[in-house]
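Peer 1: Each chain, written out:
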Amino acid sequence: MVDVARYFLDFTEKESCGKCTPCRLGTKQMLDILEDIVEGRGRPEDIDLLEELAVGIKAGSLCGLGQTAPNPVLTTLRYFRHEYEAHIYHHTCPAKQCKEFISYHILETCIGCGLCRRNCSANAIIGEQKELHHIDQSLCHKCGVCYEVCPPKVFSVEVRTGEVELVEG
Amino acid sequence: MPKRIKLTIDGQEIIARQGQNILDAALANGIYIPHLCHHLDLKPVGACRLCGIEIDGGRMTMSCLEPVRDGIDVVTNSPTIHQSRVVTMELLIADHHMDCLACAAANDCDLLTVSTYLGIQPERLERLRKIERDLPIDASNPFFLFDPNKCVLCGICVRTCDEIQGARAIDFVNRGYETVIGAFGNKPFVESVCESCGECVVRCPVGALSIKDYKIPAYEVDSVCTYCGVGCSIKLGVQGNKIVSVRGNREGETNHGQLCVKGRFGYEFVNHPDRLKKPMVREYLLNGKKRKKGDDRGKWVETDWDTALNITADRFASIKKESGGEAIGVFSSAKCSNEENYLMAKITRQVLGTHSIDHCARL
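Those protein sequences? They're chains C and Y, same order as listed.
Using the working numbering, you'd call the opening residue of the first sequence number 1 and step up by one each time.
Using the working numbering, you'd call the opening residue of the second sequence number 170 and step up by one each time.
There's no promise every hint is true.
To be verified - Subject to a maximum C-alpha distance of 25 Å in a straight line, what follows is the list of computed BS3-like cross-link-like pairs (lysine-lysine): (1) K14/C x K299/Y; (2) K411/Y x K384/Y; (3) K461/Y x K489/Y; (4) K468/Y x K447/Y; (5) K356/Y x K14/C; (6) K142/C x K153/C; (7) K447/Y x K404/Y; (8) K431/Y x K381/Y; (9) K58/C x K489/Y.
These aren't lab readings, by the way, just hints derived from the structure by calculation.
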């Protein structure tokens with residue numbers, strides 16, 4: 001949900017006309033903070049900061065764009081505060097959305113069909129035909145294609161968050 | 170006679186004129202309301218969002234855009250208003266190239282004035298992401314510079330060029346966070362229709378537009394600009410024995426504080442090393458010889474006034490005798506006083522015997 005807030009701020013920051021200070025600079029500031037949180041650079045004071053900025057921007061803006069731009073931030077903070085805290089304090093993404101905090105893994109139920117290996121854009125999947133496949137975490141850029149193409153009755157790709165990355169083992 | 174309006178601001182009863190906005194009325198009565206995009210000479214736009222007030226307990230509205238009305242009760246500060254102002258200012262400071270020690274506006278910066286009024290705390294500023302852009306400074310104009318990294322986008326310069334000067338050389342370029350002040354096509358100022366009058370520079374509330382090599386004068390002398398017949402009232406800024414700056418005098422009946430590029434920036438001739446201090450005459454004239462053929466007319470030699478005037482009078486008399494007065498033409502200057510120009514006309518027509526007299530304004 002943090003990424004949802006970031007997505008809306010990305011939109012409003014680009015659409016801002018730039019006439020009034022709170023919206024022009026405030027949407028940019030909030031976007032920068034959210035991008036930092038989503039990419040692993042969130043700071044403990046960011047949650048309160050976002051809330052303060054949001055209230056000030058809502059009150060000071062000239063038009064409806066500035067007055068409603070902080071809403072996704074305010075409502076996600078109200079109902080999904082634990083997600084913000086997970087990103088900042090635990091470096092995990094409960095929604096399994098933020099690439100910085102997730103990793104893809106192949107389970108033992110893999111039948112070795114090779115679909116994931118053939119479609120992997122980073123050539124990060126290693127495995128012999130009809131044998132358990134394995135994702136090289138150092139090459140994987142979390143595009144999610146392996147997750148999409150794994151046959152439904154096998155469903156051996158799992159997205160995890162908060163895993164300490166191990167080297168080949 | 171505009172109607173008098175009675176209203177209350179922060180518990181103080183104020184008399185205002187009909188048509189005034191609340192911000193102007195407050196400032197005229199010594200009540201400070203923070204503002205950045207407001208200027209006495211310009212129409213208000215409500216862009217900076219700092220001058221918020223609450224009228225009769227209602228929601229925050231911008232005082233620069235609210236007309237005065239009889240009997241209203243205005244409050245210039247409240248927790249909501251203060252929070253909004255603090256956030257706005259912190260955002261401006263995070264985006265501003267803080268260069269106060271070296272900045273030309275350090276003595277008179279509205280950003281500093283508002284920050285001091287609000288009580289901005291440095292530890293709060295550290296939480297924000299510094300989003301300083303590294304935009305190029307436009308130093309193309311010979312008289313002033315534009316630093317977009319200090320610009321707060323109040324729009325005062327744009328409105329000045331539009332409403333006061335009428336040149337319309339600068340405007341907002343791009344949109345949203347990418348907005349910058351620029352000339353048409355975002356070309357350097359010197360390549361635009363900018364007249365270098367400097368009216369935008371003197372009104373900039375921060376150090377974005379500043380005069381090159383600006384020196385703060387030790388004292389000021391009231392004077393009249395010598396360049397043309399308008400006779401703008403000016404205040405010469407003096408350091409020691411030299412003029413270091415010029416600004417318009419708002420009391421001036423002809424210019425109301427405005428100046429053109431010549432008046433504002435053209436004072437260097439006063440102490441210029443090339444300026445003549447004694448009459449000079451070509452050596453051949455002093456020795457009574459004829460002028461040599463070709464471009465080389467010989468050396469310049471210093472002389473005294475009597476010699477110079479005698480030589481001039483003798484030469485005019487002999488030209489008039491040989492070829493008639495019509496062979497002489499006279500060019501006068503706006504730098505001369507009315508009395509001097511009157512005498513020039515008299516001498517030209519009655520003594521030299523020609524109507525061919527003109528004036529530098531024709532150039």
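Peer 1: Decide, hint by hint, whether the structure agrees.
Peer 2: The hints, checked one at a time:
For the hint linking K14/C to K299/Y, the alpha-carbon distance of about 19 Å falls within 25 Å, and the restraint holds. Between K411/Y and K384/Y, the direct Cα distance comes to roughly 11 Å. Compliance with the 25 Å bound is thereby established for this hinted pair. A distance of roughly 21 Å separates the Cα atoms of K461/Y and K489/Y; the hinted pair therefore holds under the 25 Å criterion. With a C-alpha separation of about 15 Å, the suggested pairing of K468/Y with K447/Y holds against the 25 Å cut-off.
Our distance criterion of 25 Å between C-alpha atoms is met by K356/Y and K14/C, whose separation comes to about 24 Å. As the CA atoms of K142/C and K153/C are separated by approximately 22 Å, the hinted pair is consistent with the 25 Å bound. Simply put, K447/Y and K404/Y have alpha-carbon atoms about 28 Å apart, too far for the 25 Å limit, and the pair is violated. Using a Cα cut-off of 25 Å, the hinted pair K431/Y and K381/Y holds, with the two alpha carbons roughly 15 Å apart.
For the proposed pair K58/C and K489/Y, the alpha carbon gap of about 83 Å is over 25 Å, so the pair is violated.
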